[in-house]
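Trainee: Hey, can you work out the whole structure from these sequences and the hints?
In our numbering, the protein residues as written are 536 to 941.
Hints were generated in silico from the structure; no laboratory data involved.
Be aware that one or more of the hints could be misleading.
[To be verified] Per label pair, the in silico range of CB-to-CB distance:
id, residue 1, residue 2, range
1, P803, D876, 54 to 62 angstroms
2, A789, P643, 31 to 39 angstroms
3, A636, A789, 28 to 36 angstroms
4, C889, E665, 41 to 49 angstroms
Quick caveat: nothing in here was measured; it's all calculated off a predicted structure.
The C-beta atom is built at its ideal place from N, Cα and C for all residues, glycine as well.
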Amino acid sequence: MSHIPPGFTAIGGELAIAGRPASAWVAAAGDTPLFVYDAGRIATRIAELRAALPAGVALHYAMKANPMPALLRWIAPRVDGIDVASAGELAAALAAGADPAHISFAGPGKRDRELRAAIEAGITLNLESEGEFERAIVQSDGRPFRVAVRVNPPFDLKGSGMRMGGGAKPFGIDAERVPALLTRIGQTHAVFEGFHVFAGSQNLSAAAIVEAQRATVALVADLAAHAPGPVRLVNLGGGFGLPYFPGDAPLDLAAVGAGLAETLAKRPNVLETTRFALELGRFLVGEAGVYLTRVVDKKTSLHETFVVVDGGLHHQLAASGNFGTVIRRNYPLANASRFGDSAVMKVNVVGCLCTPLDRLGERVDLPRTDVGDLIAVFMAGAYGRTASPSEFLGHPAPLEVFAGAD
536 MSHIPPGFTA IGGELAIAGR PASAWVAAAG DTPLFVYDAG RIATRIAELR
586 AALPAGVALH YAMKANPMPA LLRWIAPRVD GIDVASAGEL AAALAAGADP
636 AHISFAGPGK RDRELRAAIE AGITLNLESE GEFERAIVQS DGRPFRVAVR
686 VNPPFDLKGS GMRMGGGAKP FGIDAERVPA LLTRIGQTHA VFEGFHVFAG
736 SQNLSAAAIV EAQRATVALV ADLAAHAPGP VRLVNLGGGF GLPYFPGDAP
786 LDLAAVGAGL AETLAKRPNV LETTRFALEL GRFLVGEAGV YLTRVVDKKT
836 SLHETFVVVD GGLHHQLAAS GNFGTVIRRN YPLANASRFG DSAVMKVNVV
886 GCLCTPLDRL GERVDLPRTD VGDLIAVFMA GAYGRTASPS EFLGHPAPLE
936 VFAGAD
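Mentor: This is the structure we're talking about:
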């Protein structure tokens with residue numbers, strides 16, 4: 536059994552998720568592959584963040600991490616805002632009851648119809664380029680619309696799994712170009728809200744996050760001198776990482792909160808009335824998800840054992856090692872049908888697709904594993920349900936259950 540997140544126990548020898556055995560969730564859903572998301576774990580994470588962060592810092596959910604409708608309906612009233620990245624996500628957020636006044640839209644490829652939908656809904660557009668702003672003006676038909684400037688900062692979040700700031704990036708507007716855009720915003724009917732700065736993601740270093748937040752506040756304070764109005768909101772981004780692999784230490788939330796409190800206490804006067812928000816996706820929901828997939832075959836090839844399951848990379852691109860990783864490492868994985876049994880075999884867990892990329896675990900230590908057993912992939916609450924290319928059609932789409940929401 537590999538590096539399993541804490542808190543998971545067994546019922547009758549099976550992995551328990553939200554108080555029920557894994558097989559019970561599969562029976563209730565009707566089939567595998569199946570994602571099970573535990574609302575209790577998300578609630579605990581939100582409470583931990585509220586306790587650690589300075590009072591008044593808003594918590595936004597980046598719904599690209601997991602847009603399941605039931606999860607959205609549950610989380611919308613428990614956070615302070617929703618960040619979307621497409622018109623489809625916007626529609627889902629509105630259907631879940633999110634307040635348009637607290638929805639923002641980021642992403643470098645907004646189509647004209649998406650800009651129009653955002654303007655009609657009254658949400659905030661996080662501008663990714665000068666050209667996007669000019670297109671938004673056209674789509675607004677003279678109506679006032681809310682904008683924030685996404686800044687590509689001259690620094691990155693050191694140690695991040697994916698760096699989204701510093702250097703040439705498709706995200707946001709280079710910091711030195713922002714003053715000219717702010718002047719242009721002031722010449723139009725757009726309503727300036729503030730700034731969005733997202734320097735990187737999947738970071739486990741509290742010191743690196745604190746330093747990036749300190750640099751972000753200093754940067755937006757300098758840019759505020761060019762703003763056409765008060766800076767109402769600064770979205771500090773996220774970057775909070777999860778400990779996926781052996782040796783990873785969980786992020787020290789207390790240290791992050793203390794560092795941010797110090798940064799905000801010392802912020803320049805130009806930001807005295809500014810509200811601040813953190814935009815978190817994976818960190819809120821990632822550890823709450825378990826992906827269950829059934830063993831359909833077991834075979835030996837040149838003295839190696841392969842366990843073939845009915846899921847794979849078309850649902851779990853990250854766990855397969857094909858999502859932003861250079862060196863592939865196994866996600867936490869276990870035999871859910873024999874949870875807690877001692878490991879007696881080393882196996883390769885592979886998916887059902889006809890490609891060598893479809894692998895969920897390489898040389899994983901597992902207990903006796905047979906056809907019909909359930910394999911659990913942990914840390915599966917974010918970035919699952921990857922869209923299947925046409926060559927993969929015909930394989931079962933995953934089912935989803937949001938557990939413990941009552």
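Trainee: Run every hint past the structure and note whether it holds.
Mentor: Hint-by-hint comparison with the structure:
About 58 angstroms separates the C-beta atoms of P803 and D876, a value consistent with the hinted range of 54 to 62 angstroms. At about 34 angstroms, the CB distance of A789 to P643 agrees with the hint of 31 to 39 angstroms. The hint said 28 to 36 angstroms for the Cβ distance between A636 and A789, and at roughly 31 angstroms that hint holds. In this structure the hint that C889 and E665 lie 41 to 49 angstroms apart at CB holds, the actual value being about 45 angstroms.
Going down the numbered hints, you'll see the structure goes against none, and every one checks out.
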